[in-house]
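Q: Line by line, the protein sequences give chains E and C.
Residue numbering for the first sequence follows this note's numbering, starting at 238 and increasing by one per position.
Residue numbering for the second sequence follows this note's numbering, starting at 4 and increasing by one per position.
There's no promise every hint is true.
What the hints assert, rightly or not - Taking lysine to any residue and the SDA-like style, the derived pairs with C-alpha atoms no more than 25 Å apart in a straight line are:
(1) C/Lys99 x E/Asn288
(2) C/Lys12 x E/Gly240
(3) C/Lys99 x E/Met277
(4) C/Lys99 x E/Pro321
(5) E/Lys305 x C/Arg46
(6) C/Lys99 x E/Ser303
(7) C/Lys60 x E/Gly240
(8) C/Lys99 x E/Asp323
(9) C/Lys12 x E/Ser324
(10) E/Lys261 x C/Gln48
Said to hold, decoys possible - Distance ranges between label pairs, derived from CB positions:
(11) C/Lys12 x E/Arg334: 28 to 34 Å
(12) C/Arg6 x E/Gly265: 28 to 34 Å
(13) C/Ser31 x E/Ala309: 28 to 34 Å
(14) C/Ser31 x E/Ile242: 32 to 38 Å
(15) C/Ser31 x E/Gly296: 16 to 22 Å
(16) C/Pro78 x E/Ser303: 44 to 50 Å
(17) C/Lys12 x E/Ser324: 18 to 24 Å
(18) C/Ser33 x E/Val290: 23 to 29 Å
(19) E/Arg246 x C/Arg56: 33 to 39 Å
(20) C/Lys12 x E/Gly240: 25 to 31 Å
(21) C/Pro21 x E/Asn308: 44 to 50 Å
(22) C/Thr63 x E/Glu281: 25 to 31 Å
(23) E/Phe311 x C/Lys60: 32 to 38 Å
(24) C/Lys111 x E/Pro318: 43 to 49 Å
Treat the hints as calculated values from the structure; they're not laboratory data.
We treat Cβ as the ideally placed atom computed from N, Cα and C, and that holds for glycine.
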Amino acid sequence: DAGVIQSPRHEVTEMGQEVTLRCKPISGHNSLFWYRQTMMRGLELLIYFNNNVPIDDSGMPEDRFSAKMPNASFSTLKIQPSEPRDSAVYFCASRQRTGTGIGAFFGQGTRLTVV
Amino acid sequence: AQRVTQPEKLLSVFKGAPVELKCNYSYSGSPELFWYVQYSRQRLQLLLRHISRESIKGFTADLNKGETSFHLKKPFAQEEDSAMYYCALSGRAGNKLTFGGGTRVLVKP
Chain E
238 DAGVIQSPRH EVTEMGQEVT LRCKPISGHN SLFWYRQTMM RGLELLIYFN
288 NNVPIDDSGM PEDRFSAKMP NASFSTLKIQ PSEPRDSAVY FCASRQRTGT
338 GIGAFFGQGT RLTVV
Chain C
4 AQRVTQPEKL LSVFKGAPVE LKCNYSYSGS PELFWYVQYS RQRLQLLLRH
54 ISRESIKGFT ADLNKGETSF HLKKPFAQEE DSAMYYCALS GRAGNKLTFG
104 GGTRVLVKP
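Chain E extracted, bound-state conformation (with noise of 0.2 Å):
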């Protein structure tokens, strides 16, 4: 398995622009996890599905971030419209069920700048 994959990689975009970063979580995994990492407030938990269901999207800071799981080979995280606070990096990962001891696999990260 490739591992989790995320695409793409670093993105640019201007102010008011719509903004969709994607995940390809590990085959047979239950549950995805989108985390945004930032100096000021590290590692932060957006929102994770279980069964491509979303469960908990506390996390996430308004109502311009939406997430999607359409399958299990699949999610994105859109942010419409974008502000320049939004630049960070966002990691996608994703597990197996909780009880087996075995942690969550990250991808490589989108470094989102908004200018």
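Using the hints provided, position chain C relative to the given structure of chain E.
A: Quick look at chain C alone, frame taken from chain E:
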């Protein structure tokens, strides 16, 4: 609710010195605990998990349920250990993985 606290934002040690990264957690049940490492501008990688009681790259971590801690230790730090370290917790239900704020380790020559 589950919470992870890493009290030190930065640890600076000399090569060959011991290093200990503190992690305290809050969870009402029996958690699964992990340590992740992130080298500069790379993805987070799983370093250790409490369930396996293993030593990876010279690091060990012991779960202390009485003190609700899962500190990470290495007796002799190396320059290549310079990185960001995150402690993480997962409850037995729901699969949610919560991270602490991270500790940056700088190993000086």
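Q: Now, for every hint given, state plainly whether the structure supports it.
A: Cross-check of the supplied hints:
1. C/Lys99 x E/Asn288: Holds, at about 13 Å.
2. C/Lys12 x E/Gly240: violated (29 Å)
3. C/Lys99 x E/Met277: holds (23 Å)
4. C/Lys99 x E/Pro321: Distance ~29 Å between C/Lys99 and E/Pro321 Cα, so the pair is violated.
5. E/Lys305 x C/Arg46: holds (22 Å)
6. C/Lys99 x E/Ser303: holds (19 Å)
7. C/Lys60 x E/Gly240: Holds, because 22 Å separates the two Cα atoms, which is no more than 25 Å.
8. C/Lys99 x E/Asp323: This hinted pair holds, its Cα atoms lying about 23 Å apart.
9. C/Lys12 x E/Ser324: Status holds; Cα separation ~22 Å.
10. E/Lys261 x C/Gln48: holds (17 Å)
11. C/Lys12 x E/Arg334: 28 to 34 Å: The hinted range 28 to 34 Å holds for C/Lys12 and E/Arg334, with Cβ atoms some 33 Å apart.
12. C/Arg6 x E/Gly265: 28 to 34 Å: holds (30 Å)
13. C/Ser31 x E/Ala309: 28 to 34 Å: Check passed, 31 Å falls within 28 to 34 Å.
14. C/Ser31 x E/Ile242: 32 to 38 Å: holds (36 Å)
15. C/Ser31 x E/Gly296: 16 to 22 Å: Holds - the Cβ-Cβ distance for C/Ser31 and E/Gly296, about 21 Å, lies within 16 to 22 Å.
16. C/Pro78 x E/Ser303: 44 to 50 Å: Distance hint for C/Pro78, E/Ser303 holds at roughly 47 Å.
17. C/Lys12 x E/Ser324: 18 to 24 Å: holds (21 Å)
18. C/Ser33 x E/Val290: 23 to 29 Å: holds (25 Å)
19. E/Arg246 x C/Arg56: 33 to 39 Å: Since the Cβ atoms of E/Arg246 and C/Arg56 sit about 36 Å apart, the hinted range of 33 to 39 Å holds.
20. C/Lys12 x E/Gly240: 25 to 31 Å: Since the Cβ atoms of C/Lys12 and E/Gly240 sit about 29 Å apart, the hinted range of 25 to 31 Å holds.
21. C/Pro21 x E/Asn308: 44 to 50 Å: holds (48 Å)
22. C/Thr63 x E/Glu281: 25 to 31 Å: holds (28 Å)
23. E/Phe311 x C/Lys60: 32 to 38 Å: holds (34 Å)
24. C/Lys111 x E/Pro318: 43 to 49 Å: Roughly 44 Å apart at Cβ, these two residues keep to the hinted range, so it holds.
Comparing the model with each numbered hint stated earlier shows that hints 2, 4 do not hold.
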